[in-house]
Amino acid sequence: MAKKTYDLLFKLLLIGDSGVGKTCILFRFSDNHFTTTFISTIGIDFKIKTVELRGKKIKLQIWDTAGQERFHTITTSYYRGAMGIMLVYDITNEKTFDDIVKWLRNIDEHANEDVEKMILGNKCDMEEKRVVSKERGEAIAREHGIRFMETSAKANINIDRAFSELAEAILDKTAGREADADHSRIAVERRPSRAPPSRACCT
Amino acid sequence: MAEMENDVSPIETEQREYVEDGKNKLVVQCKFCGSKILDKKSSNYIAQEKDLPLMQQASNNDREVQNETIKEFYHVENMYTFENIGFTHTVDNHKYLSCADCDAGPVGYHDTNTRHSYVAISRIVHSK
Ligand SMILES: Nc1nc2c(ncn2[C@@H]2O[C@H](COP(=O)(O)OP(=O)(O)OP(=O)(O)O)[C@@H](O)[C@H]2O)c(=O)[nH]1
Ligand SMILES: [Mg+2]
Ligand SMILES: [Zn+2]
Numbered sequence: 001m002a003k004k005t006y007d008l009l010f011k012l013l014l015i016g017d018s019g020v021g022k023t024c025i026l027f028r029f030s031d032n033h034f035t036t037t038f039i040s041t042i043g044i045d046f047k048i049k050t051v052e053l054r055g056k057k058i059k060l061q062i063w064d065t066a067g068q069e070r071f072h073t074i075t076t077s078y079y080r081g082a083m084g085i086m087l088v089y090d091i092t093n094e095k096t097f098d099d100i101v102k103w104l105r106n107i108d109e110h111a112n113e114d115v116e117k118m119i120l121g122n123k124c125d126m127e128e129k130r131v132v133s134k135e136r137g138e139a140i141a142r143e144h145g146i147r148f149m150e151t152s153a154k155a156n157i158n159i160d161r162a163f164s165e166l167a168e169a170i171l172d173k174t175a176g177r178e179a180d181a182d183h184s185r186i187a188v189e190r191r192p193s194r195a196p197p198s199r200a201c202c203t
Numbered sequence: 001m002a003e004m005e006n007d008v009s010p011i012e013t014e015q016r017e018y019v020e021d022g023k024n025k026l027v028v029q030c031k032f033c034g035s036k037i038l039d040k041k042s043s044n045y046i047a048q049e050k051d052l053p054l055m056q057q058a059s060n061n062d063r064e065v066q067n068e069t070i071k072e073f074y075h076v077e078n079m080y081t082f083e084n085i086g087f088t089h090t091v092d093n094h095k096y097l098s099c100a101d102c103d104a105g106p107v108g109y110h111d112t113n114t115r116h117s118y119v120a121i122s123r124i125v126h127s128k
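Chains A and B, in that order, give the protein sequences.
Here the first sequence stands for residues 1 to 203, numbered as in the numbering used here.
Here the second sequence stands for residues 1 to 128, numbered as in the numbering used here.
One should not assume that every hint holds.
Unchecked claim - Just some of the chain A residues that point at chain B, by a computed CB distance under 8 Å:
1. Thr5
2. Thr23
3. Phe27
4. Phe38
5. Ile39
6. Gly43
7. Ile44
8. Asp45
9. Phe46
10. Lys47
11. Lys49
12. Thr174
Said to hold, decoys possible - BS3-like, lysine-lysine: derived pairs with alpha carbons at most 27 Å apart:
13. B:Lys23 x B:Lys128
14. A:Lys154 x B:Lys36
15. A:Lys154 x B:Lys23
16. B:Lys25 x B:Lys50
What the hints contain is simulated information worked out from the structure, not anything from laboratory work.
Even glycine gets a Cβ: it sits at the ideal position worked out from N, Cα and C.
Sequences and hints are given; from them, build the entire structure.
Below, the structure written as structure tokens:
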């Protein structure tokens, strides 16, 4: 085979209740100039995206999860190999937010214990229908020591940012484990474990 | 070794201005949004005939998928060679490839048996 053209490969999973927007986060709302009905009919299984973080070329493989999955049906095999999980709720739907705790418990039970997690409050373009405040999203993330961001798949807000932040968090961990890692440099560059507030769309 | 392999590649291949040493000489991008699909020299040129569904299906046509025969591809053995790409769910041992940024496609296909991928050259653009 040809030489490896990247430094690291991170497998990421989108998880959350039905209807929160996981598929839309992966499959952009193609209300651009071009709607490709054929692709949207079959649906996207996963995407490969290349990002550059701290001089490293990183491949992200991002998986959607099947529509009807519920936390009690998702077990170990589902999470196999996942290094990062995007846990998504819908800011206009209380139930999807309440279920975040159940999803977190499920992840604790079945996923690799050092999987990096991030919570996304999606549909933040629908301010008039909001029922979950941003503060509550931040609070639950803080409580569990994980990152948080509000996103909109529809308005394309914070989607790319969310993935690079999750990748960066995994990179921090990976780098920490590398025997030859330059620890001082990593310590200096490490970001706070939570995204600073108010860069999001929906304040 | 390398010299011997040159004998194998058809002369026709060498005439393509975007092919060099059997590989894609230039960066491969999405036609619609410019998203980078393949880095230069990361895939092999291959002439083969294969039907792919049209990127834009006629809307007055209900069920039937309209195809087009594609004759030139870039062959990618390892999917992680791609810079940015989407893979659809599997249909008859195939996944279709789509742009990771604007979802345009199919820009090629992936064979789930061999795990090799093929990018349709007529459905992408080259750039430096
Ligand atoms: N306004 C708005 N609507 C959204 C957004 N993201 C998704 N939606 C809508 O929410 C609905 C569900 O989105 P999906 O992406 O299918 O949800 P899902 O999480 O994949 O659901 P399952 O596949 O059933 O698990 C669709 O009608 C989308 O149009 C968003 O950011 N803003
Ligand atoms: Mg879905
Ligand atoms: Zn594109």
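Comparing the hints with the structure gives:
Residue-level restraint check for Thr5 of chain A holds (minimum Cβ-Cβ distance to chain B is 6 Å; threshold 8 Å). With its C-beta approaching chain B no nearer than about 11 Å, Thr23 of chain A sits outside the 8 Å limit, and its interface hint is violated. Look at Phe27 of chain A: its Cβ gets to within about 6 Å of chain B, closer than 8 Å, so that hint holds up. Evaluation of the Phe38 of chain A hint against chain B yields a held restraint, the C-beta minimum of about 5 Å falling below 8 Å.
With 8 Å as the threshold, the beta carbon of Ile39 of chain A comes within range of chain B, its nearest partner Cβ sitting at about 5 Å, so the hint holds. A cut of 8 Å between beta carbons decides the hint on Gly43 of chain A: the least distance to chain B is about 5 Å, and the hint holds. Against a cut-off of 8 Å between C-beta atoms, the interface hint on Ile44 of chain A holds, since the closest Cβ of chain B lies about 5 Å away. At about 5 Å, the closest approach between the beta carbon of Asp45 of chain A and any beta carbon in chain B falls short of 8 Å, and the interface hint on this residue holds.
Checking Phe46 of chain A against chain B: minimum C-beta separation of about 5 Å stays under 8 Å; hint holds. For Lys47 of chain A, the suggested interface contact is upheld, since its CB lies about 5 Å from the closest CB of chain B, less than 8 Å. Checking Lys49 of chain A against chain B: minimum C-beta separation of about 5 Å stays under 8 Å; hint holds. Annotation: interface hint on Thr174 of chain A violated; nearest CB of chain B at approximately 16 Å, more than 8 Å.
Annotation: proposed proximity of Lys23 of chain B to Lys128 of chain B holds, straight-line Cα distance about 14 Å (limit 27 Å). Straight-line distance between C-alpha atoms of Lys154 of chain A and Lys36 of chain B comes to about 23 Å, which keeps the hinted pair within the 27 Å bound. Of the pairs offered as hints, the one joining Lys154 of chain A and Lys23 of chain B is violated, with about 38 Å between alpha carbons and a cut-off of 27 Å exceeded. Between Lys25 of chain B and Lys50 of chain B the alpha-carbon distance is near 23 Å, which keeps this suggested pair within the 27 Å criterion.
Consistency note: the structure conflicts with the earlier hints numbered 2, 12 and 15.
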